[in-house]
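In the UniProt record's numbering, the protein residues as written are 1 to 240.
Note that these hints are calculated values from the structure, not bench results.
Mixed in with the good hints there might be a few duds.
Straight line, CA to CA, 25 Å or less: simulated DSS-like cross-link-like pairs of lysine-lysine [as the list claims (entries may be wrong)]:
hint, residue 1, residue 2
1, K108, K120
2, K218, K171
3, K120, K171
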Amino acid sequence: MSTAGKSILMVDDDQDIRELLQSYLARCGLQVHAEPDGQGFRRALDASPYDLVILDVMLPDEDGFSLCRWVREHPRQARVPIIMLTASSDEADRVIGLELGADDYLGKPFSPRELQARIKALLRRADFGQAVPASAVLAFDDWRLDTVSHRLFHRDGEEVILSGADFALLKLFLDHPQQILDRDTIGNATRGREPMPLDRIVDMAVSRLRQRLRDTEKPPRLIRTVRGSGYLLAANVCPA
Numbered sequence: 001m002s003t004a005g006k007s008i009l010m011v012d013d014d015q016d017i018r019e020l021l022q023s024y025l026a027r028c029g030l031q032v033h034a035e036p037d038g039q040g041f042r043r044a045l046d047a048s049p050y051d052l053v054i055l056d057v058m059l060p061d062e063d064g065f066s067l068c069r070w071v072r073e074h075p076r077q078a079r080v081p082i083i084m085l086t087a088s089s090d091e092a093d094r095v096i097g098l099e100l101g102a103d104d105y106l107g108k109p110f111s112p113r114e115l116q117a118r119i120k121a122l123l124r125r126a127d128f129g130q131a132v133p134a135s136a137v138l139a140f141d142d143w144r145l146d147t148v149s150h151r152l153f154h155r156d157g158e159e160v161i162l163s164g165a166d167f168a169l170l171k172l173f174l175d176h177p178q179q180i181l182d183r184d185t186i187g188n189a190t191r192g193r194e195p196m197p198l199d200r201i202v203d204m205a206v207s208r209l210r211q212r213l214r215d216t217e218k219p220p221r222l223i224r225t226v227r228g229s230g231y232l233l234a235a236n237v238c239p240a
């Protein structure tokens, strides 16, 4: 997939990093707007739509976690793919970012080439979701998922905001209802590049999706754990 013409909004307080990435990604055909702080980032996202955002965790006025939460609650940009950057090697930072709805995480220092590859993968996934036929609304249990807009609705009318990784995992389960999905399958469908053990990635992704689906009973009713094998969506799925 070509990234030509895709727009990126980046916030990082390091001027050298901003200039380096703007120059490198521009050569890859990406349009990059960079801000040095959270205030500038908020203004820029409010003013224009973007195809992807890059958030540095450590900023002079607020952290990237609060910006990630704000993006996921934004009235127009809630589903934009998010990559978070951090100089910390603490796994807790990665967990927090992913729990807040980030789609990918990259530790500093990193190579611009690796960042460009991750951007391309997320943009490809976003474009693939938009290519689904307009009638592709799936109903399961008390929920309806619009696979074009990635909008998830409960029968009581509540809309649940899904990150790109949330949507990818839910769509995987909906494509294979009543089937056991092993950890390799789930990891490959979500974010298999994270620098954490695969089991940790999968458990975290499933736990977050259960929260989105109100599946918090003990044991969970909708997404069941099959010990030693993986997970299973215990619901019938049909076109709505």
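Worksheet item: Of the numbered hints stated previously, which ones are contradicted by the structure, given in increasing order?
Response: Violated: none.
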